[in-house]
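Protein sequences appear in the order of chains B and S. All residue numbers for the first sequence refer to UniProt numbering, where the first residue is 1 and numbers rise by one. All residue numbers for the second sequence refer to UniProt numbering, where the first residue is 1 and numbers rise by one.
If you're looking for bench data, these hints aren't it; they were derived computationally from the structure. Don't take each hint at face value.
[Stated by the list, open to error] Covered by chain B, per the in silico footprint, the following chain S stretches (three or more residues, Cβ under 8 Å):
#, segment
1, 20 to 31
2, 34 to 43
[As the list claims (entries may be wrong)] So the derived list for chain B, only partly shown, Cβ under 7 Å to chain S, looks like this:
#, residue
3, F52
4, F62
5, A73
6, I77
7, M79
8, S83
9, A85
10, F87
11, Q89
12, F98
13, G99
14, A124
15, S260
Glycine is no exception: its CB is placed at the ideal position from the N, C-alpha and C atoms.
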Amino acid sequence: MTSITLRSLRKEYNGQVAIPNLDLDIHDGEFFTLLGPSGCGKTTLLRMIAGFNSIEAGTISFDDVVINDRSPAARNIGMVFQSYALFPQMTAAKNVAFGLQTRNIERAESIRRVEAALESVHMAHLKDRLPGEMSGGQQQRVALARALVIQPAVLLMDEPLSNLDAKLRVEMRDTIREAQREAGITTVYVTHDQEEAMAVSDRIAVMSMGVVQQVGSPAEIYRNPANRFVAEFIGKTNLIVRDLHQRDGVTTLDLGEGVSVDVTSTIAPGVSGRVQVSVRPEAVRAGGSGLQAEVVEETFLGSHSQIRARLSTGETIEFLEFSRRASLWERGEKVVLQLDTEMLTYFDAETGASIMQGAKL
Amino acid sequence: MPRFNFWTVVMILTWVMLFVLLFIPVGSVLVSSLYDQSGNPTIANYLKFLGEPRFHQAFINTLVVGFGGLIGALLLGSIMAFCVSRFVIGGGRFVSLLAILALVSPPFIGAYSWIVLFGAGGVVRGFLRDMGVNMPPIYGVGGILIVFSLKFYPYVYLMVSGALSNVNRSLEEAAEGLGLTPLQRTFKISFPMVFPALTAGGLLALIHAIADFGTPRLLGRGYNVLATEAFTLYSAEVGSNMSMATTISVVLILVSMVFVLLQRYMSRRNVYHGNMINKPVRIKLKGWRNVLAHVAVYFIGLSGAMPVIISVIYSFRKTSGPVFQSGFALQSYERILFNLGDVVRNSLTFSLTAVALIVIVGTVVGVLVARRTNFNTALLDGAFMVPYVMPGIVIGIAFIAAFNTGPIVLTGTATIIILSVFIRRLPYTVRTTASSLRQISPSMEEAAISLGYSPFQAFLRITVPLIVPGIIAGGMLSFVTAINELSSSLVLYVGSTMTMPVRIYLLILDGDFGTAAALSTVLLVLSGGAVYIAFRFMGRNEQALL
Numbered sequence: 001m002t003s004i005t006l007r008s009l010r011k012e013y014n015g016q017v018a019i020p021n022l023d024l025d026i027h028d029g030e031f032f033t034l035l036g037p038s039g040c041g042k043t044t045l046l047r048m049i050a051g052f053n054s055i056e057a058g059t060i061s062f063d064d065v066v067i068n069d070r071s072p073a074a075r076n077i078g079m080v081f082q083s084y085a086l087f088p089q090m091t092a093a094k095n096v097a098f099g100l101q102t103r104n105i106e107r108a109e110s111i112r113r114v115e116a117a118l119e120s121v122h123m124a125h126l127k128d129r130l131p132g133e134m135s136g137g138q139q140q141r142v143a144l145a146r147a148l149v150i151q152p153a154v155l156l157m158d159e160p161l162s163n164l165d166a167k168l169r170v171e172m173r174d175t176i177r178e179a180q181r182e183a184g185i186t187t188v189y190v191t192h193d194q195e196e197a198m199a200v201s202d203r204i205a206v207m208s209m210g211v212v213q214q215v216g217s218p219a220e221i222y223r224n225p226a227n228r229f230v231a232e233f234i235g236k237t238n239l240i241v242r243d244l245h246q247r248d249g250v251t252t253l254d255l256g257e258g259v260s261v262d263v264t265s266t267i268a269p270g271v272s273g274r275v276q277v278s279v280r281p282e283a284v285r286a287g288g289s290g291l292q293a294e295v296v297e298e299t300f301l302g303s304h305s306q307i308r309a310r311l312s313t314g315e316t317i318e319f320l321e322f323s324r325r326a327s328l329w330e331r332g333e334k335v336v337l338q339l340d341t342e343m344l345t346y347f348d349a350e351t352g353a354s355i356m357q358g359a360k361l
Numbered sequence: 001m002p003r004f005n006f007w008t009v010v011m012i013l014t015w016v017m018l019f020v021l022l023f024i025p026v027g028s029v030l031v032s033s034l035y036d037q038s039g040n041p042t043i044a045n046y047l048k049f050l051g052e053p054r055f056h057q058a059f060i061n062t063l064v065v066g067f068g069g070l071i072g073a074l075l076l077g078s079i080m081a082f083c084v085s086r087f088v089i090g091g092g093r094f095v096s097l098l099a100i101l102a103l104v105s106p107p108f109i110g111a112y113s114w115i116v117l118f119g120a121g122g123v124v125r126g127f128l129r130d131m132g133v134n135m136p137p138i139y140g141v142g143g144i145l146i147v148f149s150l151k152f153y154p155y156v157y158l159m160v161s162g163a164l165s166n167v168n169r170s171l172e173e174a175a176e177g178l179g180l181t182p183l184q185r186t187f188k189i190s191f192p193m194v195f196p197a198l199t200a201g202g203l204l205a206l207i208h209a210i211a212d213f214g215t216p217r218l219l220g221r222g223y224n225v226l227a228t229e230a231f232t233l234y235s236a237e238v239g240s241n242m243s244m245a246t247t248i249s250v251v252l253i254l255v256s257m258v259f260v261l262l263q264r265y266m267s268r269r270n271v272y273h274g275n276m277i278n279k280p281v282r283i284k285l286k287g288w289r290n291v292l293a294h295v296a297v298y299f300i301g302l303s304g305a306m307p308v309i310i311s312v313i314y315s316f317r318k319t320s321g322p323v324f325q326s327g328f329a330l331q332s333y334e335r336i337l338f339n340l341g342d343v344v345r346n347s348l349t350f351s352l353t354a355v356a357l358i359v360i361v362g363t364v365v366g367v368l369v370a371r372r373t374n375f376n377t378a379l380l381d382g383a384f385m386v387p388y389v390m391p392g393i394v395i396g397i398a399f400i401a402a403f404n405t406g407p408i409v410l411t412g413t414a415t416i417i418i419l420s421v422f423i424r425r426l427p428y429t430v431r432t433t434a435s436s437l438r439q440i441s442p443s444m445e446e447a448a449i450s451l452g453y454s455p456f457q458a459f460l461r462i463t464v465p466l467i468v469p470g471i472i473a474g475g476m477l478s479f480v481t482a483i484n485e486l487s488s489s490l491v492l493y494v495g496s497t498m499t500m501p502v503r504i505y506l507l508i509l510d511g512d513f514g515t516a517a518a519l520s521t522v523l524l525v526l527s528g529g530a531v532y533i534a535f536r537f538m539g540r541n542e543q544a545l546l
């Protein structure tokens with residue numbers, strides 16, 4: 001069991017700063033995901049932990065032992081690559097056994113472990129296949145077995161599912177989660193796919209431009225995003241701009257058309273003026289009392305529909321509706337939108353930082 | 001940091017090697033061309049080159065055979081490529097085999113076989129004369145061009161058929177959907193896409209044509225080119241003129257350099273397009289069109305392979321001295337066995353030694369060039385261009401100029417022949433090793449490192465096994481080049497270091513064609529065996545022969 005501690009980490013490429021100053025704590029046995037758009041520094045960070053990238057400043061520690069100067073081979077890591085990186089001249093079983101050969105493990109023990117590892121990713125029946133004879137999903141399963149069989153202190157995965165098709169991705173992420181839980185290995189997982197991150201992670205670090213924007217469980221970062229970037233990157237949301245009003249120690253948000261919300265206990269004290277309101281699609285319901293709107297478009301998706309409507313202010317709100325009605329919404333049809341005020345989150349209109357109570361201001 | 005030291009040592013040794021085997025010889029050629037016979041600096045040699053009609057003529061003749069060879073090769077090669085890649089041709093693999101035969105046979109054999117058929121006393125010509133048809137003998141520029149066209153068309157054929165069969169059919173279908181007629185489609189869509197391949201293949205034919213020595217020597221009959229002039233000036237027993245020979249060599253290098261640079265530029269543009277999900281299908285022709293396509297393909301293929309066929313047949317003919325008798329016998333082979341064993345042995349030892357050196361040095365330097373990218377390696381990569389532009393005859397003269405006197409004297413040794421082959425073929429191995437290394441994803445080695453191997457172990461256990469088949473195949477193809485090398489060996493050999501091509505050349509000059517044919521057949525079997533092994537290791541890939 002290994003915890004990973006990153007302190008004041010800095011990465012430069014030819015004078016260009018990729019990661020300015022980064023701190024992270026990854027706990028024992030945790031499935032930890034680095035999530036962000038391409039170019040945010042997540043793969044760079046993973047490769048620094050693996051030892052393939054140099055470290056310009058700061059420290060990386062496994063269990064409080066600084067490993068900056070250890071070679072990748074000496075870090076006891078298992079790595080799964082985006083391109084699988086299976087050795088094309090070796091069968092599945094030989095690929096998996098490769099890491100055991102350098103560890104002086106008894107032959108019988110080695111065979112047993114290789115078989116167990118292949119079994120855990122449901123690939124035992126294809127152990128004599130060459131990588132060229134396997135599908136992408138099968139190759140990635142073997143790559144996972146190869147990384148796990150050496151019982152590494154840390155499992156590192158660099159976008160392992162991005163070369164697979166959508167259906168296989170869902171299947172594989174269950175396999176990965178299952179195998180990781182069984183082995184209980186501290187895992188750092190890199191992806192740009194927020195849904196994938198939510199599905200597999202214990203905790204997620206959302207990154208942008210080399211800076212960690214927020215660390216938290218999937219539910220935390222979805223329900224209480226630290227800033228507008230996180231709110232927009234994780235899931236879908238509608239952002240509208242409204243004013244706060246203070247009177248007699250009570251803060252209210254004026255949503256318009258006579259609808260207002262008492263936010264005294266939700267918004268941090270001392271905040272006033274214009275704010276951005278993040279309205280998740282599931283916080284909107286058609287019908288009842290609320291804001292007047294006009295339907296722009298309904299996209300029928302089977303179990304539910306995605307509906308886009310325009311408020312009288314001109315702002316667009318997207319929301320979801322289960323397919324219960326016999327007919328679809330007409331373009332231009334009037335609709336009243338009721339907002340679940342419990343589910344709204346608020347950001348500073350200028351900086352985009354969260355102004356919720358308890359948020360770091 | 002021991003690894004750093006290892007590669008630094010490799011880098012230094014590579015530069016030393018290039019300096020000794022390349023820069024000194026080329027420098028010696030240049031220096032020698034700037035001195036007169038008595039050792040005074042002068043530019044008189046160049047003035048003489050510009051002034052004398054004999055050299056003008058050789059210069060013009062070189063361009064004539066170069067461009068003539070280019071046009072002939074383009075014509076034959078593109079017809080064959082078009083037919084084979086677009087129509088169903090019976091025995092398509094056999095046709096490719098014919099093209100390979102033409103490519104791996106030594107060109108002077110081609111020249112002599114055509115003399116046998118169409119020379120002054122030629123078999124076919126005699127037969128036609130009996131029929132009442134009089135045709136001129138094949139000697140002179142016409143003959144040279146015919147031989148070059150038939151010898152070098154495979155360059156165009158292999159390049160263009162590669163490009164043609166990779167043109168995405170969807171592009172032509174898209175053009176069809178936009179309303180273009182088949183003719184318009186061919187000229188507006190397909191032609192521009194194979195144009196780089198056409199020019200690159202044609203220029204390859206041109207480069208080989210201007211460097212060729214054996215063909216104009218045997219067929220020219222007074223039609224001199226720069227390569228033959230350089231050799232004549234160097235080897236003349238009376239009035240040998242080394243400084244004039246080197247002057248011509250410099251001119252030949254310059255001419256060759258222009259076309260090599262042009263060829264490389266066109267090759268780089270010859271990129272095949274996208275993912276080939278939608279490959280063109282071959283059309284099955286009907287009626288006279290089908291007959292025409294087959295006749296064209298087989299006529300070109302068989303004509304190109306004719307010299308090989310003739311040599312093999314003649315090698316089994318009964319002889320009395322140098323004169324052929326009717327009937328078949330193994331006399332010619334007996335003569336090789338009893339009199340020419342040392343020549344065969346020389347060829348084999350020289351070629352195998354050169355290939356072993358090429359493989360070892362080429363691989364190490366290839367790794368250096370591919371993996372340690374910095375200014376130094378870029379410069380190294382550039383320096384390896386130089387042997388590409390050196391015709392064999394020039395390498396020979398350059399080695400004589402460099403190693404005849406001075407600190408290192410090598411003339412008359414086996415070493416000098418081995419080194420001349422080594423330096424000429426080394427760049428191919430360096431480049432193929434470097435490019436195959438660049439194609440292996442770096443995450444493969446990283447995976448091995450993450451599993452606990454050191455970077456050097458990872459390289460040895462993962463990368464090396466992946467590139468070894470390519471290296472063996474490349475070595476086999478180098479062997480083909482090495483064992484067929486005539487022009488530099490002709491300058492460098494002495495009695496005890498005679499090789500098979502040199503012996504064949506001398507036998508042809510002596511009129512002993514039976515022995516020459518048998519020796520050529522041995523050469524051909526060795527080359528064919530090497531090509532077969534190469535194809536076994538890397539799959540049947542005719543493109544690798546280019």
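Taking the hints in turn, this is what the structure says about them:
| no. | hint | result |
| --- | --- | --- |
| 1 | 20 to 31 | violated (count 0) |
| 2 | 34 to 43 | violated (count 0) |
| 3 | F52 | holds, 6 Å |
| 4 | F62 | violated, 14 Å |
| 5 | A73 | holds, 5 Å |
| 6 | I77 | holds, 5 Å |
| 7 | M79 | holds, 4 Å |
| 8 | S83 | holds, 5 Å |
| 9 | A85 | holds, 4 Å |
| 10 | F87 | holds, 6 Å |
| 11 | Q89 | holds, 5 Å |
| 12 | F98 | holds, 6 Å |
| 13 | G99 | holds, 3 Å |
| 14 | A124 | violated, 20 Å |
| 15 | S260 | violated, 56 Å |
Checked against the numbered hints listed earlier, the structure breaks hints 1, 2, 4, 14, 15; every other hint is satisfied.
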